[in-house]
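This is what each chain is made of:
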Amino acid sequence: MEKFVTHVGTGVPLRRSNVDTDQIIPAVYLKRVTRSGFEDGLFAAWRSDPDFVLNQPEFKNGTILVAGADFGTGSSREHAVWALQNYGFKVVISSRFADIFRGNSQKGGLLTILLSQSEVEDLWVAIEANPALAITVNLEAKTVSYGEQLIAFEIDDYVRWRLMEGLDDIGLTLGNSDSIDAFESKRAAHKPKTLPIRA
Amino acid sequence: MGKTLAEKIWQEHVVRAKEGEPDLIYIDLHLIHEVTSPQAFDGLRLSNRKVRRPDLTIATEDHNVPTQNINLPIADPVSKLQVDTLRANCAEFGVRIHSLGDAEQGIVHVVGPQLGLTQPGLTIVCGDSHTSTHGAFGALAFGIGTSEVEHVLATQTLPLQRPKTMAINVNGKLKPGVTSKDIILAIIAKIGTGGGQGYVIEYRGEAIRNLSMEARMTVCNMSIEAGARAGLIAPDETTFAYIKGKPHAPEDFDAAVQYWKTLFTDADAKFDVEVDLNADELEPFVTWGTNPGQGVFLNANVPNPADIADAEERGAAERALVYMGLTAGQPMKSVAIDTVFLGSCTNGRIEDLRAAAEILKGRKISTSLRMLVVPGSARVRLQAEAEGLDKVFIDSGAEWRNAGCSMCLGMNPDQLKPEERSASTSNRNFEGRQGKGGRTHLVSPLVAAATALRGTLSSPADL
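Protein chains in written order, with the working numbering: chain A, 1 to 199; chain B, 1 to 463.
For the record, the hints were derived by calculation from the structure and aren't laboratory data. Each hint should be verified, as a subset may be incorrect.
Stated by the list, open to error - Subject to a maximum C-alpha distance of 30 Å in a straight line, what follows is the list of computed DSBU-like cross-link-like pairs (lysine-lysine):
| no. | chain 1 | residue 1 | chain 2 | residue 2 |
| --- | --- | --- | --- | --- |
| 1 | B | LYS261 | A | LYS186 |
| 2 | B | LYS261 | B | LYS164 |
| 3 | B | LYS164 | A | LYS142 |
| 4 | B | LYS3 | A | LYS186 |
| 5 | B | LYS436 | A | LYS60 |
| 6 | A | LYS191 | B | LYS8 |
| 7 | B | LYS246 | A | LYS186 |
| 8 | A | LYS186 | B | LYS50 |
| 9 | B | LYS164 | A | LYS90 |
| 10 | B | LYS3 | A | LYS191 |
Sequences and hints are given; from them, build the entire structure.
Here's what the structure looks like:
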């Protein structure tokens, strides 16, 4: 995973709430067996509308998506994170994220930032007034800044450390293999096993 | 102070706890399907890792598979590649798989319980958000992403933040014709699609205790539509009786039951949030919009966005009505349907098929629509055929299909066309969920069957 410390980019205002995973990437685009190439499915249905924000030339190269509440509701498809990253997004800002989407984003190094709804709305207004507005996200300082504005955000310290170091969870967990071995040696005998197959 | 059921199960699975870090939680059962696993197996190969516990892992093919002509190769080459990749990965890593054509193939959340692998007190994960279904047995079960699938394959654990707990008390008794699907749709309409975010929900109360095991699965299944990663119900005699005799039921059943009986929320435990719902007041429910929280009683009218105080919600409602092609104030029962879909991990089990068949028996579905009946698993299909339900469906004019996720998410050829309208027993009415431009109304199997007969959204009471 790439380290994330700071990012400077332009924003894309997505004035919609409940942006579910079927909007982020419809199921028919989930058939690849790789982690790349999902950008073609990103917001596929909405992108067929010429008025959709990503079809506006001034927002085409934005890297910070600013969305309405309840972003990422629905399925557990990590493809939603990959589609956003494959398209070029580094950060998503919303006033509320679905749990599984947020977890997935943190695994893959896409920074999801929680701001209040009024802060999101201020950001929408500022980006729409000036699409070239430079927005700085500083994970180390836990701030989002643009123009004269400096907004602090909260993020779990452990998650922040992992993102800043670009650490792989599996490697960290395997460092504790002894604890897993010890736990397994005490598991109850009645717990089910898939093998051998019983009919 | 006592503990909630979720807290008890959590505590029993902590492999390692350290201040300032997520708890490392042991996973008892890992379910796998073709869509969210290929990149995880790839990751194992790249790092030269193996599957730590193939004996706690099981795979099946569900999202992509066709429900017709299953003896032929899968026509869509990309779907075929994904299914073939799963088969190859399972062979390489020694994971048990139930492929198309096998009696145990089917939707992963139908397969686990029918094999008796889903049991109280377990931690169960799957790269699918409807893993919450298994919570009906008093298991802590939740959906995970592909990175986490890889993590579980490699370590049989997950680092997780401890969730908050929410109790939803469903008191009183359901009226005839009102089902567990109506309970959960009413809950989502009440607390919203984000209401359960960060929580594990425990469903409690008389109406929940009176539900069958399969009806409980319907409730827990849609916890995710309320924003909660997991929903659970304390196990009781109904649970034990359902597991008994299943292929993977514990050999020492009595010892297991002894343990299962400890799995309840202590009387003095405290939930972070409690919500009450009165079952007596419920009626058949239906969604009118494009998120599962946008629902009303079937007897009601399409809401008027102008009546919604919250600006954000009002805007969402306005957009939803445009997408759905509905007018504010229009009676829900006047809405004409093109396709009825009976199936999915929400309502594709044998009891669901029985309930719908009971209504369709000796009658013909409306000539203005088609009805797809897709059993949740090949085993459910066999059981239905043994009971003659297939004949009831076919004689009424419905299509009797093979098992899979099918039109719930339209990843296989079973899709809605643009502006085609469905009454669907599935779980999501998102824009384009069942096919680009398709319009979905979520309903119970009873409402689905009655709607199939009348051509417009209907309940059995309208027949």
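Tested hints:
1. About 20 Å separates the Cα atoms of B/LYS261 and A/LYS186, which keeps this hinted pair within 30 Å; it holds.
2. Taken as a hint, the B/LYS261 and B/LYS164 pair is honoured in the structure, with Cα atoms around 23 Å apart against an allowance of 30 Å.
3. Pair hint B/LYS164 plus A/LYS142 holds up; C-alpha atoms about 24 Å apart against a cutoff of 30 Å.
4. Taking the CA atoms of B/LYS3 and A/LYS186, the gap is about 22 Å. The hint holds against a cut of 30 Å.
5. Using a Cα cut-off of 30 Å, the hinted pair B/LYS436 and A/LYS60 holds, with the two alpha carbons roughly 24 Å apart.
6. Straight-line distance between C-alpha atoms of A/LYS191 and B/LYS8 comes to about 16 Å, which keeps the hinted pair within the 30 Å bound.
7. For the hint linking B/LYS246 to A/LYS186, the alpha-carbon distance of about 25 Å falls within 30 Å, and the restraint holds.
8. Between A/LYS186 and B/LYS50 the CA atoms are separated by roughly 22 Å; this keeps the pair inside 30 Å, and the hint holds.
9. Pair hint B/LYS164 plus A/LYS90 holds up; C-alpha atoms about 29 Å apart against a cutoff of 30 Å.
10. With a C-alpha separation of about 22 Å, the suggested pairing of B/LYS3 with A/LYS191 holds against the 30 Å cut-off.
Taken one by one, the earlier hints all hold for this structure without exception.
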